[in-house]
Amino acid sequence: MRASALFSVALLFTIGCANPVADAAIEALGPEDPAVPQSEIHRPGQPCLMCHGPYKGVEPEMVVAGTIFAYPFDLGAEDGNPIPVEGVTLEISDSFGSTPPTTPKTNCAGNFYITKEEWNPAYPLRVAMRYPVEGDEDGERVSMGTRISRDGSCAGCHEDAPNQGSPGWVYCTQKTADAPVFTKPETCTPTRGD
Amino acid sequence: MRPFSPNPKRVHQHGVIEMKRSIVLCAAALFGIGVTVVSSGCLGENATATVKTACVPFDAQDDEDAFIAVSEVLERRCGTLDCHGAIARPLRLYGNAGLRRPEPDLGSEGCTVNEECGPAGSGRICKQGLGCIDDRITNYAQYYPGGGIGTTPSERRDNWAAICGIEPELFTVVYCCAAGENVCGGFDYAANCADPEAVDPERLTLVRKARLREKHKGGLVWNEGDDGDTCLVSWITGAYSDPNVNPQACIQELQKL
Chain A
1 MRASALFSVA
11 LLFTIGCANP
21 VADAAIEALG
31 PEDPAVPQSE
41 IHRPGQPCLM
51 CHGPYKGVEP
61 EMVVAGTIFA
71 YPFDLGAEDG
81 NPIPVEGVTL
91 EISDSFGSTP
101 PTTPKTNCAG
111 NFYITKEEWN
121 PAYPLRVAMR
131 YPVEGDEDGE
141 RVSMGTRISR
151 DGSCAGCHED
161 APNQGSPGWV
171 YCTQKTADAP
181 VFTKPETCTP
191 TRGD
Chain B
1 MRPFSPNPKR
11 VHQHGVIEMK
21 RSIVLCAAAL
31 FGIGVTVVSS
41 GCLGENATAT
51 VKTACVPFDA
61 QDDEDAFIAV
71 SEVLERRCGT
81 LDCHGAIARP
91 LRLYGNAGLR
101 RPEPDLGSEG
111 CTVNEECGPA
121 GSGRICKQGL
131 GCIDDRITNY
141 AQYYPGGGIG
151 TTPSERRDNW
161 AAICGIEPEL
171 FTVVYCCAAG
181 ENVCGGFDYA
191 ANCADPEAVD
201 PERLTLVRKA
211 RLREKHKGGL
221 VWNEGDDGDT
231 CLVSWITGAY
241 SDPNVNPQAC
251 IQELQKL
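These protein sequence lines map, in sequence, to chains A and B.
Quick note, the first sequence lines up with residues 1 to 194 if you use this note's numbering.
Quick note, the second sequence lines up with residues 1 to 257 if you use this note's numbering.
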């Protein structure tokens, strides 16, 4: 009798810890790409903190993470034609003016991240990025018009194609005639980027 | 523990008794709920009492309205897609910087004339093949966060309703006391505004949360007296008519990237 009561309590606690909404969202992300190792370059464009956040706690636990693409989602291409940009630096500060100890930089998959161990910011966060431009060592600075209020995953809001609930993925520049030319890298070795 | 009986007849009889008991219990419970529901209707005058609320006036079709700048500040600072621009969160805010108001209106696909979408001057029109939408949406493909269509009057109207409606009675007191006697029709100024603190905007959760005077998942949005704070508070308390206060404070807040 006592054992079954203990089991019931344990079961209640277990059920209480699950978040079916988050679980469904993680499930919807699909399986890993078999061609990409589970590393710093995996799952570009997906909301990193779904797993690498406080809910799942997958190591390394991140506070801000995302992917930077070259151009906006191309509605004419089925996958939007994602071209990741390597070497984009992120300028982030929190509501008390604190900044990460090192400047985050994107890798060949366009991914960047800051771990909780490195920096534990107080929301909201200001964000700007500087993407590389040939012949200009400072690159081009683009700042986000709003703050990050609580979701450290870029893709939590910047999800694929633009729609009434998403501005589309994070990109460097519109694809105009005088825009810098970015191409997909032929190979991509897992590195952090910074 | 009930004694185990191998006699199927007895089991059957026992089952019938259990069932009868359940029906009786169920009927008693339903009776109890019924009594509670009926009793709750016996509230006397309170049952038909109405509460009048007021808010800072806003004309969604007036492109010079003071709320436009206030709305834009709140859209940028509070209405981000991961906060009050998320559909699961109270105080929902729409706008070009965050969540877009769902357009067209649900179930309006078959509209043929503008009158089906709203009275003349409401800014709602029938777009053939699409439905009822705001007339400022000239290019539907650009109607997304950060897209070419700016915040529409319909979105501002919903933002205004969200702000005024989050604590309507308290908002009424703060606004009407600040506005002065005889501004809010039917409002008992003498009874509500005798206490000088009645007009304190920090009584409003909206103001306190942004100042982080109480727990706020979105953190410290601004401190008391900052541009964003002045923009919001001066609108609530009526100082928006002073050009030195507003929209200047709102504009200065929006210039901070």
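These are calculated hints, taken from the structure and not from any lab test.
Please note: incorrect hints may appear among the correct ones.
To be verified - Cut-off 25 Å, straight-line C-alpha distance, at most; resulting in silico cross-link-like pairs (PhoX-like, lysine-lysine):
no. : chain 1 : residue 1 : chain 2 : residue 2
1   : A       : K105      : A       : K116
2   : A       : K116      : B       : K217
3   : A       : K56       : B       : K217
4   : B       : K209      : B       : K256
5   : B       : K215      : A       : K116
Said to hold, decoys possible - What the simulated footprint calls covered on chain B by chain A, stretch by stretch (three residues with Cβ under 8 Å from a Cβ of chain A suffice, anywhere in the stretch; the number is not a length):
no. : region
6   : 88-99
7   : 192-201
8   : 217-225
Please read these numbers as outputs of a predicted model, since none were measured by experiment.
C-beta: ideal position from N, C-alpha, C; glycine also.
Evaluation of the provided hints:
| no. | hint | in the structure |
| --- | --- | --- |
| 1 | A:K105 to A:K116 | holds, 16 Å |
| 2 | A:K116 to B:K217 | holds, 17 Å |
| 3 | A:K56 to B:K217 | holds, 20 Å |
| 4 | B:K209 to B:K256 | holds, 20 Å |
| 5 | B:K215 to A:K116 | holds, 22 Å |
| 6 | 88-99 | holds (count 3) |
| 7 | 192-201 | violated (count 0) |
| 8 | 217-225 | holds (count 5) |
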